[in-house]
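2 protein chains.
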Amino acid sequence: MLAVTILGNNSALPAYDRHPTSQLVTLDDHLFLVDCGEGTQVQLSKYRIRWGRINHIFISHLHGDHYFGLPGFINSMGLLHRENDLHLFAPAPLQEILNLQLKAAATVLPYALHFHPLEGEGVLVKTDRFKVTSFATKHRIPCWGFRFDQVKAPRRVNPEKAIQHGVPSSFYDRLKQGEDYETKTGELIKNELVTDAAPKPQSYAYSADTLYDEELIEKVQGVDMLYHETTYLKDLNDRAASRFHSTTTQAACIAKKANVGRLLIGHFSSKYDKLDVFRDEACEVFPNTDLALEGVTYKV
Amino acid sequence: MLAVTILGNNSALPAYDRHPTSQLVTLDDHLFLVDCGEGTQVQLSKYRIRWGRINHIFISHLHGDHYFGLPGFINSMGLLHRENDLHLFAPAPLQEILNLQLKAAATVLPYALHFHPLEGEGVLVKTDRFKVTSFATKHRIPCWGFRFDQVKAPRRVNPEKAIQHGVPSSFYDRLKQGEDYETKTGELIKNELVTDAAPKPQSYAYSADTLYDEELIEKVQGVDMLYHETTYLKDLNDRAASRFHSTTTQAACIAKKANVGRLLIGHFSSKYDKLDVFRDEACEVFPNTDLALEGVTYKV
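Here the protein sequences line up with chains A and B, keeping their order.
Heads up: the first sequence is residues 1 to 300, going by the UniProt record's numbering.
Heads up: the second sequence is residues 1 to 300, going by the UniProt record's numbering.
Warning: the hint list may mix true and false statements.
[Claimed, not checked] Capping the alpha-carbon separation at 30 Å, the derived lysine-lysine pairs in DSBU-like fashion look like this: (1) B:Lys46 with A:Lys271; (2) B:Lys103 with A:Lys103; (3) A:Lys257 with A:Lys138; (4) B:Lys126 with B:Lys219; (5) A:Lys46 with B:Lys46; (6) A:Lys219 with B:Lys103; (7) A:Lys138 with A:Lys126; (8) B:Lys271 with B:Lys200; (9) A:Lys200 with A:Lys299; (10) A:Lys138 with B:Lys152; (11) A:Lys256 with A:Lys299; (12) A:Lys256 with A:Lys152; (13) B:Lys256 with B:Lys219; (14) A:Lys138 with A:Lys299; (15) B:Lys200 with B:Lys161; (16) A:Lys46 with B:Lys274; (17) A:Lys46 with B:Lys271; (18) A:Lys190 with A:Lys176; (19) B:Lys271 with A:Lys103; (20) A:Lys103 with B:Lys138; (21) A:Lys274 with B:Lys46; (22) A:Lys200 with A:Lys131; (23) A:Lys176 with A:Lys200; (24) A:Lys103 with B:Lys219; (25) B:Lys152 with B:Lys257; (26) A:Lys234 with A:Lys200; (27) B:Lys234 with B:Lys138; (28) A:Lys271 with B:Lys103.
To be clear, the hints were calculated from the coordinates, so they are not data collected in a lab.
Looking at chain A on its own, in the form it has when it is part of the complex (with noise of 0.2 Å):
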């Protein structure tokens, strides 16, 4: 299962009840939160999430409105006794940021803070069944976009044909590799016979603020499930270049270009009360567009 909950959708200021960004990744059973804009601790006590359950924290950029949220975050964890480490990926600057913070308020934490300073492009996390990479954006100060694959499962074995075809449940763990299974008299029980295929895995690209960047396109191809930023509708092109972001349609136009199955659009600018022209202009290029609105839960 992957899912993206929406906690904040707005760019820098917050208005008409939107927050600046944050949103909640379940990979199966694990929760990641990616960016922390300010008052992320009340959308999520709002959305009844829970936070012990967050062991991964991805910060894109150091724009306040990322990760004002963070310290205030990071504090009610001690305050609730949180004593599992938390995992903060975050760029380098941050770290000091932090560690004045708690400095300056002797506060000393009751779990573990691992920082991992973002660098270059790569895997930040990675288990036997997903992994979590970067890639770099294009914005006016350093940022990273952050990827969510599933990792191709192996086959399961189906009990019922396997005991029907003679396969002793010692070779099952071989079963799951793909090997084909031998009988005593020599008959070869094809692997396709006695498994079933595991699930698709599924793939989500998180693209933090961005500008239009064509370089994009090969980072997210073919993910299941897109967010790309949509600060403005397509009518200021010039304004989202000025300022390293994209429009309607430039969101639309990269998630064509890569192929994905879907698109979730945000980082709203605060000029705009009503949302439904985002959607109506980026499915005008990409008619597999959703808004991402605060409080709901896309499903990859």
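Fit chain B to the known structure of chain A by using the hints.
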């Protein structure tokens, strides 16, 4: 006019739609922001307070629930094209934190931010109409309270009576200083005959976070309104002491011993859903007590 608008009345953990500490002090046509917990900028907008008129911010101490909203507030004022100077009075370590945050975001504010580190006790701002002073409170880390005092205004000339008694307008300035007037015929016109007393100057003290501390009594002696924290109800004396906080009864005792006009209580622990008991307990000792409720303005 002296008044206090509560923006956040809760202690560290946001709960029950209560926010961390922040309040706005209105003194004639000046707005002062006192502490700035996470979400303060949203609270200011919610209560339709004109941000641009805030020229002074006072931060009592560097626990996050008193300042984690400040970077966002400073940043947003830049995005809103503020041009007026902003004066920030805060514990010294905050300066480096803010500088690192601005540097990491490559942000150049369009207004001058003057940082005034809090040191010792004394006058922070002084005009001919009011003064703001700081005083130390006893908390786990260095912490300051702030006292707002209107300056006693000079007597006001009553033009009707002055003309009636033959005092020339060229003498009005000396009347305001309290002088009597001698007419050409040698008659002495007593000052009180031709002037009216100015309204009594008003005062407000914000005693920040503090444990029960009788040294506070002298510092807030006789103010018209005192804000004193009541993190806990009276049955949790020991917990309050160990965490350098106060109970309802302790706050009310300080108010009574300092002979203040009115007591405002806040900084409620997140363990409490209902607040009525806070008022009931404080009123047992000091009847003129009000709960500091968000969005409410308390006039001195």
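Hints, one by one, checked against the model:
{"no.": "1", "hint": "B:Lys46 with A:Lys271", "result": "holds, 17 Å"}
{"no.": "2", "hint": "B:Lys103 with A:Lys103", "result": "holds, 20 Å"}
{"no.": "3", "hint": "A:Lys257 with A:Lys138", "result": "holds, 18 Å"}
{"no.": "4", "hint": "B:Lys126 with B:Lys219", "result": "holds, 18 Å"}
{"no.": "5", "hint": "A:Lys46 with B:Lys46", "result": "holds, 18 Å"}
{"no.": "6", "hint": "A:Lys219 with B:Lys103", "result": "holds, 29 Å"}
{"no.": "7", "hint": "A:Lys138 with A:Lys126", "result": "holds, 25 Å"}
{"no.": "8", "hint": "B:Lys271 with B:Lys200", "result": "violated, 41 Å"}
{"no.": "9", "hint": "A:Lys200 with A:Lys299", "result": "holds, 14 Å"}
{"no.": "10", "hint": "A:Lys138 with B:Lys152", "result": "violated, 59 Å"}
{"no.": "11", "hint": "A:Lys256 with A:Lys299", "result": "holds, 20 Å"}
{"no.": "12", "hint": "A:Lys256 with A:Lys152", "result": "holds, 24 Å"}
{"no.": "13", "hint": "B:Lys256 with B:Lys219", "result": "holds, 13 Å"}
{"no.": "14", "hint": "A:Lys138 with A:Lys299", "result": "holds, 27 Å"}
{"no.": "15", "hint": "B:Lys200 with B:Lys161", "result": "holds, 22 Å"}
{"no.": "16", "hint": "A:Lys46 with B:Lys274", "result": "holds, 19 Å"}
{"no.": "17", "hint": "A:Lys46 with B:Lys271", "result": "holds, 17 Å"}
{"no.": "18", "hint": "A:Lys190 with A:Lys176", "result": "holds, 12 Å"}
{"no.": "19", "hint": "B:Lys271 with A:Lys103", "result": "holds, 26 Å"}
{"no.": "20", "hint": "A:Lys103 with B:Lys138", "result": "holds, 18 Å"}
{"no.": "21", "hint": "A:Lys274 with B:Lys46", "result": "holds, 19 Å"}
{"no.": "22", "hint": "A:Lys200 with A:Lys131", "result": "holds, 15 Å"}
{"no.": "23", "hint": "A:Lys176 with A:Lys200", "result": "holds, 15 Å"}
{"no.": "24", "hint": "A:Lys103 with B:Lys219", "result": "holds, 29 Å"}
{"no.": "25", "hint": "B:Lys152 with B:Lys257", "result": "holds, 24 Å"}
{"no.": "26", "hint": "A:Lys234 with A:Lys200", "result": "violated, 35 Å"}
{"no.": "27", "hint": "B:Lys234 with B:Lys138", "result": "holds, 19 Å"}
{"no.": "28", "hint": "A:Lys271 with B:Lys103", "result": "holds, 26 Å"}
In summary, the numbered hints that this structure violates are 8, 10 and 26.
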